[in-house]
Amino acid sequence: MSNVTISRRTVLAGSALLLASTALPTIGWAQTPKKGGRLVVAADSEPRNLNPAIVASNGVFFISSKIVETLAEASFDGKDGLDPRLATSWEGAADGLSVTFKLREGVKWHDGKPFTSADVAFSALQIWKPLQNLGRTVFKDLEAVDTPDELTAVFKFAKPTPFQLIRNALPALSSVVPKHIYETGKIDENPANNAPVGTGPFKFVEHKSGEYYRLEKNADYWVKNQPYLDEIIYQVLPDRTSAASALEAEEIQLAAFSAVPLADLDRISKVPGLKVVTKGYEGLTYQLVVEINHRRRELADLKVRQAIVHAIDKDFVVKTVFLGYAATATGPVPKNDPQFYTADVPTYAFDVAKANALLDEAGYNKGDDGKRFSLKLLPAPYFNETKQFGDYLRQALAAIGIDAQLVNNDSAAHIKAVYTDHAFDLAVGPPVFRGDPAISTTILVQSGIPDGVPFSNQGGYKNDELDALIAKASETLDPAARTELYREFQRQVATDLPLINVAEWSFISVIKDTVANVANNPRWAVSNWADTWLET
Amino acid sequence: MTRALILLRRRLIGSVFVLLIVVIGTFLLLEAAPGDAVDAYIVSTGGDAGMIELLRHRWGLDQSALTRLANYLWALLHLDLGQSVTFSGPIRDVILERLPNTLLLMGSATALSFGLGSALGIYAGARPGSFRDRFLSIGSLALYAVPGFWLALVLIIIFAVDLRWFPIGGIESIASGKTGLDRAADIARHLILPVSALGFIYLALYLRMMRAGMAEVWRQDFVLAARAKGLSRRRIVLAHVARNALLPLVTMLGLQSAQMLGGSVVIESVFSVPGLGRLAQEAVAARDTPLLLGIILVSAVLVIAINLLVDIAYAFLDPRVGASEASA
Numbered sequence: 001m002s003n004v005t006i007s008r009r010t011v012l013a014g015s016a017l018l019l020a021s022t023a024l025p026t027i028g029w030a031q032t033p034k035k036g037g038r039l040v041v042a043a044d045s046e047p048r049n050l051n052p053a054i055v056a057s058n059g060v061f062f063i064s065s066k067i068v069e070t071l072a073e074a075s076f077d078g079k080d081g082l083d084p085r086l087a088t089s090w091e092g093a094a095d096g097l098s099v100t101f102k103l104r105e106g107v108k109w110h111d112g113k114p115f116t117s118a119d120v121a122f123s124a125l126q127i128w129k130p131l132q133n134l135g136r137t138v139f140k141d142l143e144a145v146d147t148p149d150e151l152t153a154v155f156k157f158a159k160p161t162p163f164q165l166i167r168n169a170l171p172a173l174s175s176v177v178p179k180h181i182y183e184t185g186k187i188d189e190n191p192a193n194n195a196p197v198g199t200g201p202f203k204f205v206e207h208k209s210g211e212y213y214r215l216e217k218n219a220d221y222w223v224k225n226q227p228y229l230d231e232i233i234y235q236v237l238p239d240r241t242s243a244a245s246a247l248e249a250e251e252i253q254l255a256a257f258s259a260v261p262l263a264d265l266d267r268i269s270k271v272p273g274l275k276v277v278t279k280g281y282e283g284l285t286y287q288l289v290v291e292i293n294h295r296r297r298e299l300a301d302l303k304v305r306q307a308i309v310h311a312i313d314k315d316f317v318v319k320t321v322f323l324g325y326a327a328t329a330t331g332p333v334p335k336n337d338p339q340f341y342t343a344d345v346p347t348y349a350f351d352v353a354k355a356n357a358l359l360d361e362a363g364y365n366k367g368d369d370g371k372r373f374s375l376k377l378l379p380a381p382y383f384n385e386t387k388q389f390g391d392y393l394r395q396a397l398a399a400i401g402i403d404a405q406l407v408n409n410d411s412a413a414h415i416k417a418v419y420t421d422h423a424f425d426l427a428v429g430p431p432v433f434r435g436d437p438a439i440s441t442t443i444l445v446q447s448g449i450p451d452g453v454p455f456s457n458q459g460g461y462k463n464d465e466l467d468a469l470i471a472k473a474s475e476t477l478d479p480a481a482r483t484e485l486y487r488e489f490q491r492q493v494a495t496d497l498p499l500i501n502v503a504e505w506s507f508i509s510v511i512k513d514t515v516a517n518v519a520n521n522p523r524w525a526v527s528n529w530a531d532t533w534l535e536t
Numbered sequence: 001m002t003r004a005l006i007l008l009r010r011r012l013i014g015s016v017f018v019l020l021i022v023v024i025g026t027f028l029l030l031e032a033a034p035g036d037a038v039d040a041y042i043v044s045t046g047g048d049a050g051m052i053e054l055l056r057h058r059w060g061l062d063q064s065a066l067t068r069l070a071n072y073l074w075a076l077l078h079l080d081l082g083q084s085v086t087f088s089g090p091i092r093d094v095i096l097e098r099l100p101n102t103l104l105l106m107g108s109a110t111a112l113s114f115g116l117g118s119a120l121g122i123y124a125g126a127r128p129g130s131f132r133d134r135f136l137s138i139g140s141l142a143l144y145a146v147p148g149f150w151l152a153l154v155l156i157i158i159f160a161v162d163l164r165w166f167p168i169g170g171i172e173s174i175a176s177g178k179t180g181l182d183r184a185a186d187i188a189r190h191l192i193l194p195v196s197a198l199g200f201i202y203l204a205l206y207l208r209m210m211r212a213g214m215a216e217v218w219r220q221d222f223v224l225a226a227r228a229k230g231l232s233r234r235r236i237v238l239a240h241v242a243r244n245a246l247l248p249l250v251t252m253l254g255l256q257s258a259q260m261l262g263g264s265v266v267i268e269s270v271f272s273v274p275g276l277g278r279l280a281q282e283a284v285a286a287r288d289t290p291l292l293l294g295i296i297l298v299s300a301v302l303v304i305a306i307n308l309l310v311d312i313a314y315a316f317l318d319p320r321v322g323a324s325e326a327s328a
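Sequence order for the protein chains is W and F. The first sequence begins at 1 in full-length UniProt numbering and counts up by one. The second sequence begins at 1 in full-length UniProt numbering and counts up by one.
One chain only, chain W, in its complex shape (with noise of 0.2 Å):
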């Protein structure tokens, strides 16, 4: 699978530089990005709140990442996978109790006021750690924010924190929006959360419900001479097809987070001027995963467990459901991480006699019509690819007697069928990997979680070896030993299945091949666009 489909017309475009560069010498294959122009994208979501500093999520980050912008973003090539933005420098004390972050000189917000490194403790104390989503478990010992001069901010916490998850949580977690108009009324109730003010490329102009968002150039921006467009458009497209016809009509010039069904791509990417584009997801992975309820006997039976591993065909899954467009797991840490993942585990073969062989063993019999009991398979509605893997693996069971009764629920109901009333035997899910285990992969495995908290451990398991290792994991302040923690933790889930995990993926991008500077940072959909141009 190649990783970006070169069209017809980027082709010729290359062609015919190479011709003009015998007459001209100086042009090379590095274009001068052109000015202006109006980039229009599709959105199928309206987030309720825009602020990424209280909901760090995917949907709010693809609007907001260009208006709000982060400590540091993710790159493919910047030291530790990381690139400065509202940060220049960031530095953790050996004893994990202290990060130093010198800030960007000159930067000022929308309304003109200036950056400074109030804002970054503002936001950090006042709303990353009480109110953000993820801020609340990463920077739960987060105790004071020193601001010994206007471009440094210190973070204090009261117990060692390793500085590699301050360091992997920055791009999706550290977001800084201005002290002076969050400071007077209640935070959640803030207009700006709907109007979001920033220090990023582009400035937001209107919000019209169902049809449109309207961001607009910020002509003050840090970085001189950028933002190339002029206005970004995210048009609200709420069917699953309108996505690809509007791209085919030229109405819009990108559809990121696989607006443009899977099934779809294969004729779409041989439309004259678009282009699929898998880059830019690196750092967004999502995992397919089975989850189990241990509470049920049969399904607390590792041997019942591991015959379920063996009877996945995690490669069909990857060719059938996923179009090709998906990696198969090993773990519970994605085979992309360049920092945590190891292949050293358990795997499991698909192998349906071996599966019936371990049913056979745990005293699970088949009955006189072929079964030995029955389940209730719960998928996932978030995204067509889990709702399919719930067909198949309704099948894959079948083949070892097991009886899976799907349970199709929408988002809601699923929410609570699974992570608050635990009434489910098996769910399929999809959480996400967010670059640090820590952020929200341990969560998925680890006992005493309250109940009603999504996409954590509701199956009901316990494993005091695996709780002591994520502990001291999370405790451990040097990155190697830390990082090797991590290994153990993949081994020790790989071999107990508390979960199964069966493949990645991440999304997709059609993009008209006009645009240029795309995909070119691990998080591209969801970062800040401000070197994206169009062609003319």
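In short, the hints are calculated from the structure, not lab data. For every residue, glycine included, the Cβ atom is placed at its ideal position computed from N, Cα and C. Mixed in with the good hints there might be a few duds.
What the hints assert, rightly or not - Computed far set for chain F versus chain W, every beta-carbon distance over 10 Å: (1) 70; (2) 72; (3) 86; (4) 108; (5) 157; (6) 221; (7) 252; (8) 273; (9) 313.
Said to hold, decoys possible - One side of the interface only, derived from the structure: several residues of chain W facing chain F at Cβ under 10 Å: (10) 302; (11) 432; (12) 453.
Since the structure of chain W is provided, determine the placement of chain F on it from the hints.
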């Protein structure tokens, strides 16, 4: 006029009860659906126990269903539709923003299906059993059998993607700065495909009703009398046959308004029209009970009002009906 007034008063009293039943019924239905607004919200955000508790408290979902229903009805008594949790704003504003789009879509589609449907019905019914009659009857039936979303998608592929005569969706060009007539023309251009998709499906209903009604009237004695008088065929068709067959269609118009609202949910989604139907769908997915109740209330009022208008029109069109209603 008094006839209409009596009708109006009686209908209004009945309507209040209808609305009350609609509100309580919808509330209970949504209450029975698993998951609440917070569950729907955390699908896209996640969050820990403390945050979830905070949200439930803030959105008033930690109160019992009965308390919430009582609070809602009390506020409703003061004509307050409440606050939407998904739109973080007053529901009245959210609905008022979307209502005109739906009315425009529904009104145009109704006009299209009623106007064109009855015209074609007259054309077909003028000569029952003729080739054009059979052709139109079968053709319209085929159209009626087509699912709305499919017709919509076909229209998009042909007229928006391939021919590019019309935009694929939306209600008007984005931030175009158009005003006055330019803007009206722009909106009309955006509405042509959705109105066709919605209108053509119901067209068959009026066509067939008209045709069937006329086929019956042709057999009546007064048609024979008209013929004997030596009236032209054209005059018999229009003034005698069609006019008498028209009355049931007017009743249908009222009944259809509710169905049109339902049909607009699909059409609004496919064509990305920011209307009430799409809003209702979003409200259900988000378990935004007050918003859905607001939409249902407004829709119910709309349907009741349309039927009232139809009845009043009926009273004028057919004196016999009005007289019996008034004396009853």
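Hint check results:
1. 70: holds, 24 Å
2. 72: It holds; residue 72 of chain F is separated from chain W by about 19 Å at its closest Cβ, greater than 10 Å.
3. 86: violated, 5 Å
4. 108: Answer for residue 108 of chain F: holds, closest chain W Cβ roughly 18 Å.
5. 157: Check fails; 7 Å does not lie beyond 10 Å.
6. 221: The assertion about residue 221 of chain F holds, with a minimum of 54 Å to chain W.
7. 252: holds, 30 Å
8. 273: violated, 8 Å
9. 313: Holds, because the least Cβ-Cβ distance between residue 313 of chain F and chain W comes to about 33 Å, which exceeds 10 Å.
10. 302: violated, 29 Å
11. 432: holds, 8 Å
12. 453: Hint holds; residue 453 of chain W Cβ to chain F Cβ min 5 Å, cut 10 Å.
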